[in-house]
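2 protein chains.
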Amino acid sequence: MSNSSDFSSLPRPPAAGRPIDPFIVMDVMSDANQREAAGEDIIHMEVGQPATPAPRAARERAARAIAEEKLGYTLSLGLPALRERIATHIQDSYGVRVGTERIVVTAGSSAGFVLAFLAILDHGDSFGLPSPGYPCYRQILKALGFRPHLIDTDDGGRWMPTTEDVDALAAAGAAGLLLASPNNPTGTMAIGTRLPELADACSRQGLWLISDEIYHGLEYAAAAETVLAYSDAAIVVNSFSKYFSMTGWRVGWLVVPEALTRTIERLAQNLYIAPPTISQVAALGAFDGIDELEEIRSRYARNRSLLLNELPAAGLERILPADGAFYLYADIRGLADDSVVFAQTMLRDIGVAATPGIDFDPLHGRSYLRFSYAGAEDEMHEAARRIATWLKTR
Amino acid sequence: MSNSSDFSSLPRPPAAGRPIDPFIVMDVMSDANQREAAGEDIIHMEVGQPATPAPRAARERAARAIAEEKLGYTLSLGLPALRERIATHIQDSYGVRVGTERIVVTAGSSAGFVLAFLAILDHGDSFGLPSPGYPCYRQILKALGFRPHLIDTDDGGRWMPTTEDVDALAAAGAAGLLLASPNNPTGTMAIGTRLPELADACSRQGLWLISDEIYHGLEYAAAAETVLAYSDAAIVVNSFSKYFSMTGWRVGWLVVPEALTRTIERLAQNLYIAPPTISQVAALGAFDGIDELEEIRSRYARNRSLLLNELPAAGLERILPADGAFYLYADIRGLADDSVVFAQTMLRDIGVAATPGIDFDPLHGRSYLRFSYAGAEDEMHEAARRIATWLKTR
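These protein sequence lines map, in sequence, to chains C and Y. Residue 162 in my numbering is what sits at position 162 of the first sequence, and the numbering runs on without skipping anything. Residue 155 in my numbering is what sits at position 155 of the second sequence, and the numbering runs on without skipping anything.
Bound conformation, chain C alone (with noise of 0.2 Å):
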């Protein structure tokens, strides 16, 4: 599809269009999956989904509810069995209690930032970007009017932010730190005390923070920790997307301090109605489901440690191993100017889909491709095999 429109024969033409960029993996995505309409063989490492479906208890936990109730609205904050789950869960993986009235049920994680956003900043209002990060951050923010702060991080640092660079937000007036441990597109996490001395600077300098713990659950060295663990202030991103293996479902939850539960309330009655309510019942019948999802963990692991060893052999020589998540983060200088262009001549020469950096990084994502390792092993071999011989023949 075009990017330019003729918004001529609109009533009201758009002086420049929206200031939304598009989600590029999902334009990757549509390139790909045409391609595979068309007959190509694509191994998609361009979207960060499980290749698995949701574990099997969710499913027929899904089936059942299809067939015997009705399925109408839930209450806006979710259900109740699953809210009440949710702190089980927290409590299970973090030994840390949530109170059930702080949760909130979300349709996906994308519907936790609109809300958090909307509740918690003014229109203006800039907010502290990690970058590389995940694109819709920054797309969300500016869709909803505020402005995206983007703090520049490198993989010396593991991508992480510093207190440094919260002190710097607070002197620039931002409203806030958003922080993604295990982070996408890197897969890398804050590590020894970084956590808590991040909690500790936004709060000594009266700044929000939200925690994107959507790849929580998906660890390779270290279990990430929750920031609930050292504030009450801050606000928790999470979904059953990625460790959950449920992304079409579009179920996740917010974990937000007790006084903005009824300001979150009233912008998902509006905004949303109520999260899909079959998507919440499967999300409940997900937690037993864990043995299944040990499995497929131990398959990135898998995939990880495959590519680990095989990419720069392949010719990737410049990839930081990760901590979790399921992404490699390439560094392509050297092979390629630009990795837009490397990533749109690999789909086509060899049937690899991956996402260039400049989705994730604006600055400096040229230089950069994402790999998401979350499909299945042999299509993880096969990839590094075709990479290996594309970059020696081309």
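FYI, nobody ran anything at the bench for these hints, they're computed from the structure. It should be emphasised that the depicted structure is a prediction, and the values quoted were computed from it without experimental measurement. Glycine included, every Cβ here is placed at the ideal spot set by N, Cα and C. Treat each hint with caution, since some may be false.
Said to hold, decoys possible - Covered by chain C, according to a simulated footprint, are these stretches of chain Y (three or more residues, beta-carbon under 8 Å):
# : region
1 : 28–34
2 : 38–51
3 : 74–80
4 : 104–113
5 : 137–147
6 : 249–259
7 : 268–276
Claimed, not checked - Chain Y side only, calculated, beta carbon under 8 Å to chain C, not exhaustive:
#  : residue
8  : Phe7
9  : Pro11
10 : Ile20
11 : Phe23
12 : Leu118
13 : Ala175
14 : Cys202
15 : Gly206
Claimed, not checked - For the chain Y half of the interface with chain C, some residues (derived, Cβ under 8 Å), not all of them:
#  : residue
16 : Arg12
17 : Ala54
18 : Ile66
With chain C held as given, fit chain Y onto it using these hints.
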């Protein structure tokens, strides 16, 4: 849950909370559900949702997909097959041909409004909303930094705006008009030549026209017309929630001018990623359940006739015969000063839940009460019986 929260513990206490009101019907539902859980016998006439689940064909399709498919993300604009099926539905329903590229599958009409407003409005823009109307219109506008411009309508004009209202909107600098026919909460429709006249007036004045057609298919006299028959520049919002009986599935659609599709796609990619996949699959199946849906519509028609007979006899004398949807809007002046108190007392005394008009009309809503007749026939009869006894003895 208390309306007043202690914000002092938050990093940056919002000055006056957020400028968003509750969607009162969801609060009434919450109250009614709590009473029901405590053993009270509640008749739900507060929420605009069918008492029926999705049609069998939709549920069977969803169950099959759960057994056989991965159900990952779809494309942001929705499943291509569903977009095509919706285009066919539009042709079948109205004889209007609309290209598939103009159809956007959304996470319910809620997402449709968010996407439409964000695609066409700039910060601070005002938008014309006939009052009474669906409360989320004005709350969504306010939450996103836009301004509702209420247009006062009355029962003499079947609660529909006029071309003079459009001229006044333009003179006031508003960006467009939102029209809902059949209307919520009144059930009334734009009849005769009103719809093409309004479309022409908007076109002449260079105003956007958003047509909320969510209650199409639920008419009891003349069939509703689509604005698509009169304008290529209008935006249509629709959903599988009402006629298709799929509220909790959160799936709907937009028809947009082709020049807007790419803007909407970018917004959808970032704010939603995609509508719930299982719900899109179920929606595809719903088109095979038309016989069942027509039976449901017959029940609504019987409920409507029953209540139009029995409510006036019970003491609620001023109800305009509704043309469509599944609502009656009762004028309670003479019975009480404030429909909020009236609704609370009615729920407490006789377990009949209805929604005070203040949710739909900040100006005159305290004189009105909305009854949804989407429930079971025997419940409608029982509700009228309880109300008759209650009004006689209070």
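Okay, the hints, checked on the actual structure:
1. 28–34: holds (count 3)
2. 38–51: holds (count 4)
3. 74–80: With 3 residues in contact (Cβ-Cβ under 8 Å with chain C), the coverage given for the region 74–80 of chain Y holds.
4. 104–113: Contact hint for the region 104–113 of chain Y vs chain C: holds, 4 residues under 8 Å.
5. 137–147: holds (count 5)
6. 249–259: holds (count 5)
7. 268–276: Since three or more residues must qualify, the claim that chain C covers the region 268–276 of chain Y holds, with 8 doing so at under 8 Å.
8. Phe7: 5 Å, holds
9. Pro11: Result: holds, 5 Å to nearest chain C Cβ.
10. Ile20: Nearest chain C Cβ about 5 Å off; hint holds.
11. Phe23: 4 Å, holds
12. Leu118: 6 Å, holds
13. Ala175: Hint holds; Ala175(Y) Cβ to chain C Cβ min 6 Å, cut 8 Å.
14. Cys202: OK, holds: Cys202(Y) within 8 Å of chain C, min 7 Å.
15. Gly206: Holds - the Cβ of Gly206(Y) comes within 8 Å of chain C, reaching about 5 Å at its closest.
16. Arg12: 6 Å, holds
17. Ala54: 7 Å, holds
18. Ile66: 5 Å, holds
Going through the hint list in order, the structure satisfies each hint without exception.
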